[in-house]
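Participant: Chains A and B, in that order, are what the protein sequence lines are.
If you use my numbering, the first sequence corresponds to residues 1 to 900, in order.
If you use my numbering, the second sequence corresponds to residues 1 to 123, in order.
Keep in mind that the hints were calculated from the coordinates and are not lab data.
Do not rely on the hints blindly, as some may be mistaken.
[Stated by the list, open to error] Here are a few chain A residues that face chain B, going by a calculated C-beta distance under 8 Å:
1) ARG56
2) ALA63
3) SER70
[Stated by the list, open to error] A few chain B positions that, by computed beta-carbon distances, are all more than 10 Å from chain A:
4) LEU40
5) HIS45
6) SER47
7) ASN79
8) GLU99
9) MET102
10) TRP103
11) SER109
12) THR111
13) SER112
The structure presented is a predicted model; accordingly, all values stated were derived computationally and were not measured.
Just so you know, even glycine gets a beta-carbon here, dropped at the ideal spot from N, CA and C.
So the chains spell out like this:
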Amino acid sequence: MNRDFLRRLFRIRPRTRDEIEAEFREEIEAHVALATDYLVRRGLPADEARRLAEARFGEINRAVRDLVKSAQIREHSVQRREWWDSFGQNVRVALRQMRRTPALTCAITASLAIGIGANLAMFQVVDRLLLSPPPGVTHADAVRRLILPEYNFFTRGTSQIATTNYATYADLRAVHRFARVAAFGFPSDASLGRGSEASAITTTAASASFFDLLGVQPYLGRFYSEREDTPPAGSPVAVVGYGYWKRALGGASGAIGRTLLIDGKSYTIIGVAPPRFNGLDVTPVDVWLPLTGQSFAFDADYLTDRGSLWLQVVARLAPHVDERAVVAEASAAVLRNNESVSKANPHARVELASIIAARGPGTHPDATVALWLLGVSAAVLLIACANVTTLLLTRAVQRRQEIAIRLALGVSRWRLLQQLLVEAAAIVVVAAIAAFIGAELTRGIVERLLVPNGAIDYTLSSHSAIMMGIAMLTVIGVATLAPSLHALGVDVSSALKESSRSVSDSRLRIRGALLIFQVALSVMLLVGAGLFVQSLRNAEGTRLGIDADRVLLAQVDLTAVGMDSLRTSAFWDEAVRRVTRVPHVASASLSIAVPMMFSMAGTFIVPGRDSIPKLETGGPYKNGVDAHYFSTIGARILRGRAFTAGDTRGSAKVVVINESMARQIWPNANPIGACVRIYRADTIPCATIVGVVEDIHHHQQIREGATFQYYVPYSQWIGGGSAAMLVRLDGPARGSTIASVRRTLQAISPDTPFPEVVSYADIIDPQLRPWKLGASMFSAFGALAFVVSVVGLYGLLSYLVTQRRYELGIRAALGAQAGRLMSLVLGKALALIAIGLTVGLALAAALSQRLAPLLLDVSPHDWHVYGWTAALAALAGLATAVLPARRAASVAPIEALRSQ
Amino acid sequence: MTYGGRQTGSEALPLLKGTVDLLVLKALTLGPMHGFGIALWLEEHSSGTLNMDDSATYQVLHRLESKDLVSAEWGVTENNRKARYYRLTAAGRKHLRAETEMWLRYTRSVTSILTLDPRAARA
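Okay, chain B solo, but in the shape it has when bound (with noise of 0.2 Å):
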């Protein structure tokens, strides 16, 4: 199932504080979004294993909005129905690639760190 139920028990990811924002960021590269598209596309592409309500996007993306690094637009969707669309703005997009570059620097040394053979690490 990719949009319905929420997901209980050991199956829903606690989120890490400010990953979020670089979830949705990650999302508008794709092109302007309202928040119901970002929602479902974050849903799609986590398998359902982000523990989140769809208000906690809004959050985010007046929270990005807030520092420039979003704007938003009033639009109409393919079905004729009104939505606040959101795009990356050019600061956005140097903070993403910024953001992500330390994300993945940062998981890479826990990474290798947590799997370390124990006996190895000792020798």
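With the rest of the complex left out, here is chain A (with noise of 0.2 Å):
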């Protein structure tokens, strides 16, 4: 029989290595003693035999060496095969155990499963926006974004903002310590082509040492020379993106040479961008321009204009630069040619900001909430990891006998824990592979709502698979934890005399705790929801004096084409007319400036008093509107009267002024029929205030301090300034609606550029998300993780009321009345949904005083949110035990005792 097969089945350990070798000698003596023996029986004498003997064997110590080296080899061999037979075991134990719970099981693993997938997903978030440095740039870790000093009007101090100017970035360049400084603007939307032809692109515009300094190398062609961004014009020449050399130019290598008309412009393609590469941002760049070589580069004084503030700048470090030393220099260059930066604060400094810019300094609402969620998405883990925990330990104890048993045979603890560890594995492994199945189907959502105009890479980062083996050996070794010790700690004599019946107290205990553990997170998620959906609900509801659902913002950049000022207004004309008889449209109107895109300051002066009150949103500002404007957009004419046709350019001078000016100015009297002057010259009459309009929204913001706007006729306006058209549809904004207004738009004039049509729903829609976000996130982790805590708990009482059948059934025939029977297990039930309450709201209480900057109007500690979680913990509880605690009190006395 063979010896290994025996060893197996003793479970003999195998030999050492010495063991081995001690045997070879002992063989090899005999050997040589045997050959001596028949060499004497020749004739030989002793020694001389003993001698002639060793040197036909050979040398002793080679012939060991080589039979020792042999023989491990075969040992190990025989090692490894008998561990992936014990492993093999172990699995099939574990499918097993698996197969006798299956819905159990399933249960188990999604939740799992989501756990990890909702930390995949978030982690691969975060990771993007905070951890990896922008994907194409090379030795990341020397750039940096350059934080500058600007002149406040408001606080006549100056401001750390990470935007400044061609002025601020040229003399930046002169820093000697930057081994490199870049200037670059934001992606904005251009219009490519001309007519029905045209179409949106989004252009960013770059220094030529832009890709130089991140060192991205072109997929194709070039990027553009020093020589071809040198002020005040610099060639027009583009580099397009890869995915929009892939897309729109079918990836052909013809493409260099080609040229691109952006509005109105003519750019020759001289290069493409590397796949991924977006500069600093996460929106993709479909072309990337010269900051010289863009057209309004050409309308002002931009290279001496301090005050607009368009470009950001990066810089890269020399190596072993001293970090003060570079920003000592570089502070002192920004002051040196700003006088009104220096002069508001000679102490101004530049900062040298991570290139990671979710990293701050200033908020970043998509990392703090990605962050939060990614928070959220380890504490649903965790509670996950409880129920896998829980399902462990109930099997460690129904097994307690099985493995006092095996313990008494003499098979070793370690074998046992690796049965638990093998069969966590197993389920963790299982819950993986679903998550990033999961991950992969869903990717599409989480990058929609998580970020919406951003490209994540979603191939898995080194930083997601180490996040991931982390988080997998986490649960691993937390779920096994309690039960490993349950196992290890079972003492074989009293396991095997005890019956199932008197399993103690101390197991209950764990689940117990386990089960208060879910309860407290899964609250402390509810009330997180529910402070979201508080939140969202006021944002929601915040009155923007637009109504942002049906209502378009249409505009073309017809001076992009050189349209005077005649032709522009004809246009506009036309196009009200025209835009009218679209369907779905209720009315169109034109405006001067847009609201929460783009406002114009004025003059304000009311005859008799030295000033107005100034406010710190800056204004006034003003706006000139036709007829149907505060109808079409849905603004309330709170008193007097909106304009009408009779307010032409000769009749009497009329002005619309909103609520906040009206409360502020005439805090106590009725503005209506004051004469204001609106502009600075004496010689133009006053004009008459005939309404007071709600206040407008003027940021893309949904929280915004008052701000001062007043109106005039669109046909009384003076002075320059594009006209834009607000278009209400009769219902919510669809895509056809937008598609067929941007249509008859274009077939206007055959040289128009793209029309840019949006709904304000979309404009202010990322102003939501973060609550949006947050409401639905937390509400969705927070009811995935009080089901399962509700399931943990009836499991918890369904394993109580079996387990003390025999005691229910003993009080039962003594008397006890079923009511009393079934508060036992009411009172348990709601003892560990109270533990659990109390603590889920007491560490709710605690964190969410971080949450509070990411909320709306609410408390962190509004009483209601609590109140209500509270309340729907308790009843779920209460409902969930009703059942077991029937089976309690139908206990029949007689069958219980029998039973045992």
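Dock the two chains into a complex; use the hints.
Facilitator: Written as structure tokens, this is what we have:
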């Protein structure tokens, strides 16, 4: 019979190297002795015979070494085989255990999969936003974004902001301690082509040094050179983004040399940027243009103007440079030529910030929310983990006697532990695979939800892979901890003696503690969900002064194609006439400034007063609007009247002011009829206030301070400014309506650039996103966690009733009423829920303080939210307990006693 | 001389790989034998033409043991010395039969080719 087989059968430990060697030496010694004997019998003298026998054998030590080596190789292969055999056996046992309770195993695996998948998805977003430098950038740790002091008109001091202008950029280029300095603009929508052929693209202006500084190589062709980006006007060349090249140019190398008509100006394509490269932003860029090559650059004195802020500056530090010295030199460079900054704050400093924008300075709501959601998904993972623990623990308790028998038979505790680990690992691996598939399937949703305009790279990064590995090992470790302690702590003799009825209370205590933990965590998540839902409701309920879901904004940049004001105004008159006839359009209206997009500062002098109150939001802001404007956007007229067709160029000058102006300038009086001067020149007569309109939001913000806004009839507007059209629909905006409005505008003139038509709902949507995201994710995870906890509670109570059947039977026999037996179970359930609730609410109260900046008009301790959560949890807990409680009450004494 | 000094020169035959396994198995068909017995038997029956250290016999024996072609246990010789006795297993017997068959077929064909009369071959 095979030695290895016997060894495995009896679990004999493999022989050590020394034992193997000793046996070989013994055998060789025997050999030499036998050979010597033989030679002596043949007549050789004893010492001669021994010498010859040894010589015949060969080098003994080498022989032993060779024999031991091959024996060890054999030994190892046997061990490996045995390990795989026992591993296979463990897996089979684990699968058998799972099949015994398929529904429960599936539910627990599914909850774990959701936990892992949620963590994976959130981590990838956090990784992209906060951990990884933008794709394509080499040696990103030496690159810094510059945060610069800019003059703040309202505080008359300086503010640190990330944007600046060409003049300051030019100053910074002279800083010697920077190896390289580059500037880039914000991604902006541009029109490509003309008339009905026109389409919208995203362009970003970047200096020639930008690509070089970031260390990117062109995928095709070349990037533009310094010579092509020299002020005042650079060359009309363009580098297209990889995605755009693939999508719109067919990925053909012939694209190089083609021209693009961008905002009415021709650019020659000279190169293609590498895949995934979007500069420092997450927004995909279609076309990169030289800083000095954009059309607007020719309009103004952009080289010297320090008032506008349109550029971001990055710098690469020279190796081994002292950052303080860099800051000092750069600050001096900025202050030297910028009088307004140096006067306002002679100690103003340049700051060097991380290349990863979400790391600040300043807030980045997407990153904050993603971090929170990562925390939330970690909580879900913990809850799922607790479920796995409960499952393993239940089995460990059920198998208590079996474990004791195996221990008594000499099976090592380590082997029992292996069994547990394999069982947990099997669940975790299945869950992880499900999570990966789930993440793959839902990636689109997650992407839209979390980074709507960004390209999240969903190939599994090394960060994510490491994080997944850590999460999985943690789950296995945490889930097996209590069951392992249990299995290892089995006292053989007492376990064999005790009956299944008398399983000690300590096991129940562990399960109870796990349940309390789950309830607490889910209550916490539910409170978070409640706070976010309330914030979202507040945000959506905020009056913007615009019916965002049914108002469209249409803009066409007519100056780009060189239209004069006469043709422009003819274009818009025609546009209103045509668009009004488009199906689903209720009305169309013209306006000079655009709410939430573009405002113009005006003059507002009340005769007889020195000044009007000054607001932090600046202003007052003026706008020229036609007669249908207020009804089109849905702003309410609070007093007086809106403009009418009777307010013409020649009629009496009239003005409509907003609510904030009325309230703050005429606190206790009726402003209607007051005559105010809205132009500096004395020669222009005053205008009569004819109406008060509600405040219309000025910025793309849900909450903004009061602003002063006044309106004059479109026909009485003096001064420049291009028009925009606002369109009211008869229902919520649909893509088809937006498209037909756009087509109508394109049809007016063959050489118009691409008309931008968007709904205000889309404009304001990014502002609602953090709350939508928080509300949906917290609700989903909270509900999930809560269901999981309730299932856990049900399982625990059922188990309890089964375990205490005997005791309940005796109580019933002694005359306990059904109600008392029920209350026994209900009391237990309530106690668990109450502790869980208390812990959960306390944790929520402590943690929600940190959530406060993300909430809108809700106290993080809003008692409604806490109250409803508590009521919901208590009710659900009681409802869950009813069934086991009824079972407890219906225990028939005779049967219960007989069953023992 | 049957067991003693080493032969040198042209008299010693180089060993073909794997053949010693076969020879050792063959030796064991006579019954259980210890390593020295096998070495002696091989020496005698090859008339000393196998140029082989005794230690090589053990390499072979242990290799065969690991393949379960032979089994081993400690025993005592007639002269009361301890020795490890090897015996053929059923698998070893089968292996020997198959390999011997193959060896014979192989050598027959090689021999018949090598001993061809060149003139006859051309014809």
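Participant: What are the numbers of the hints the structure violates, in ascending order?
Facilitator: 4 and 7
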